[in-house]
Structure formats: structure tokens, C-alpha cells
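Asker: Line by line, the protein sequences are chains V and R. The numbers in our numbering rise by one with no breaks, and the one at position 31 of the first sequence is 35. The numbers in our numbering rise by one with no breaks, and the one at position 103 of the second sequence is 1515.
If you're looking for bench data, these hints aren't it; they were derived computationally from the structure. There could be a bad hint or two in this list.
Stated by the list, open to error - With a Cα cut of at most 30 Å, we get these calculated DSBU-like pairs of lysine-lysine:
| no. | chain 1 | residue 1 | chain 2 | residue 2 |
| --- | --- | --- | --- | --- |
| 1 | R | Lys1469 | V | Lys5 |
| 2 | V | Lys112 | R | Lys1426 |
| 3 | R | Lys1469 | V | Lys72 |
| 4 | V | Lys5 | R | Lys1426 |
| 5 | R | Lys1426 | R | Lys1469 |
| 6 | R | Lys1490 | V | Lys5 |
| 7 | R | Lys1423 | V | Lys112 |
| 8 | R | Lys1469 | R | Lys1423 |
| 9 | R | Lys1426 | V | Lys72 |
| 10 | V | Lys46 | R | Lys1490 |
| 11 | R | Lys1490 | V | Lys112 |
| 12 | R | Lys1426 | V | Lys46 |
| 13 | V | Lys112 | R | Lys1469 |
| 14 | V | Lys112 | V | Lys5 |
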Amino acid sequence: KQEVTQIPAALSVPEGENLVLNCSFTDSAIYNLQWFRQDPGKGLTSLLLIQSSQREQTSGRLNASLDKSSGRSTLYIAASQPGDSATYLCASPNVGSGGGADGLTFGKGTHLIIQP
Amino acid sequence: GAGVSQSPRYKVAKRGQDVALRCDPISGHVSLFWYQQALGQGPEFLTYFQNEAQLDKSGLPSDRFFAERPEGSVSTLKIQRTQQEDSAVYLCASSLGVAAFFGQGTRLTVV
């Protein structure tokens, strides 16, 4: 069964810094790796999805990388802003009994605070 | 609306009470997922539907949990005889392909 781990559990940095959030997974036979953002009391917003054949995806100030061989993904946030404060979760699809993906296995998240 | 809608947003139940949580997926989305998120944890998979068929219910924690999607659209997660450990946020997501779109969740507090 896939296990997903995120470090650090919490991170507080001054505004403007570049930062890296880490995600590791145990089963390298993944379909994709997805990064989400969760604001307090809210649902999850998908940020980036990296297919298994890809090495990275970029969206604005966010860049996510995927290294299947080492079982790692990173989310890089450039020029952080107070509005980036949230919990960031990574997730990998479960493989269903029929061989297709069903559901996601999530890490516990990194709680990020950007200090103004 | 265009997104996944869940109701109620908040539910307080007395221990032993039955509750029903509703999810309205994005129109046309074939796949629907339920997750349970305890405080400070990531979401945990509960169950998965493809249209009206429940293809995976391996994550349901006990037989007190039951989910249905009778017409392949709206889904209901029912918890019977609620217990304090059922207190969590219950998230619903729907998908047409790879990416899943999440609702805001229902926060259940069992007292």
C-alpha cells in the first residue's frame, strides 16, 4: 500500500523567500503525483499534477518536480507572499482492484506560514 | 454552481445519532470519492463510485458507514450510531478523468 510522507510538518518563513516543500512516497509505480492547497475550513484546491512520464510542472510561482526512482516530489514556491499561507498536501492515486486508479493517498501536509 | 457542493457545512450530532452527509458533484463527472480528514491529518480515502456503482469501499472504517449514489449523480454518506471518533471533516471529490475537484467538506462534531 502506498505511503506518502511530507516534511516539514510546519514551516514559517519571512515574505519574499523561496522555499521547498518535500513529499516522499513508497511505491514508485505511481500514475501521477498531485499537489493541493488547503485553506482553513476549506476544501482542497489542486495546484499541480505531474504525470508519471513527466519530471516537473510549473504554474506561476510554483514548480513541482517528480523523481520516481527516489520516490520524491518537491514543491518549490518562489518569492513567497502572505497569501501563500495554507496547508500544502501531496497525493498519489491508489491502484484499484481492477488495475485502474481510484482514490488518492495523501500525506499529512505541510502547514506553511508566510510572515509579512 | 460549477463546483462540488456539500451539505451541511457543519453538523453537530449527539453520540448514537445517525447522520447523512450530501455531495453534489460537478455535473457530468463520472467518478465520485469520499474522504475523511481528522484534525491535523491528511484526507483518508473512504469510498469510490463510478456512476452509480460503488467500486471500492475498502476505506470505510466500520459497517456503521454507508455510502450511496443511486442515480450516478448526488451521493450521500450515512453514518449510523455516531461515535466521538467519527468527528472529522468529510470531503467529497468528483472527477471526469485525472484531476479531482473537491468540495468544501462537512465538519462533523460528535458530542
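Asker: Take the hints in turn and mark each one as holding or not.
Answerer: Hint-by-hint comparison with the structure:
1. Restraint check: the Cα-Cα separation between Lys1469 of chain R and Lys5 of chain V comes to about 15 Å, which is no more than 30 Å; the hinted pair holds.
2. Note on Lys112 of chain V and Lys1426 of chain R: the hinted pairing holds, with a Cα-Cα distance of about 28 Å set against a maximum of 30 Å.
3. Using a Cα cut-off of 30 Å, the hinted pair Lys1469 of chain R and Lys72 of chain V holds, with the two alpha carbons roughly 28 Å apart.
4. With a C-alpha separation of about 35 Å, the suggested pair Lys5 of chain V and Lys1426 of chain R falls outside the 30 Å cut-off, and the hint is violated.
5. For the suggested pair Lys1426 of chain R and Lys1469 of chain R, the alpha carbons sit about 26 Å apart, so the restraint of at most 30 Å is met.
6. Only pairs whose Cα atoms come within 30 Å are accepted, and Lys1490 of chain R paired with Lys5 of chain V is accepted, the gap being roughly 27 Å.
7. Taken as a hint, the Lys1423 of chain R and Lys112 of chain V pair is honoured in the structure, with Cα atoms around 24 Å apart against an allowance of 30 Å.
8. Under the criterion of a C-alpha separation no larger than 30 Å, the hint pairing Lys1469 of chain R with Lys1423 of chain R is consistent with the structure, at around 23 Å.
9. Between Lys1426 of chain R and Lys72 of chain V the CA atoms are separated by roughly 46 Å; this puts the pair beyond 30 Å, and the hint is violated.
10. Restraint check for Lys46 of chain V and Lys1490 of chain R: satisfied, since their Cα atoms lie roughly 21 Å apart, inside the 30 Å limit.
11. Among the hinted pairs, Lys1490 of chain R with Lys112 of chain V is consistent with the structure: their alpha-carbon atoms are about 25 Å apart, no more than 30 Å.
12. For the hint pairing Lys1426 of chain R with Lys46 of chain V, the CA-to-CA distance comes to about 24 Å; that is within 30 Å, so the pair holds.
13. Proximity of Lys112 of chain V to Lys1469 of chain R is assessed by CA-CA distance (about 22 Å); at most 30 Å being required, the pair is judged to hold.
14. For the proposed pair Lys112 of chain V and Lys5 of chain V, the alpha carbon gap of about 16 Å is at most 30 Å, so the pair holds.
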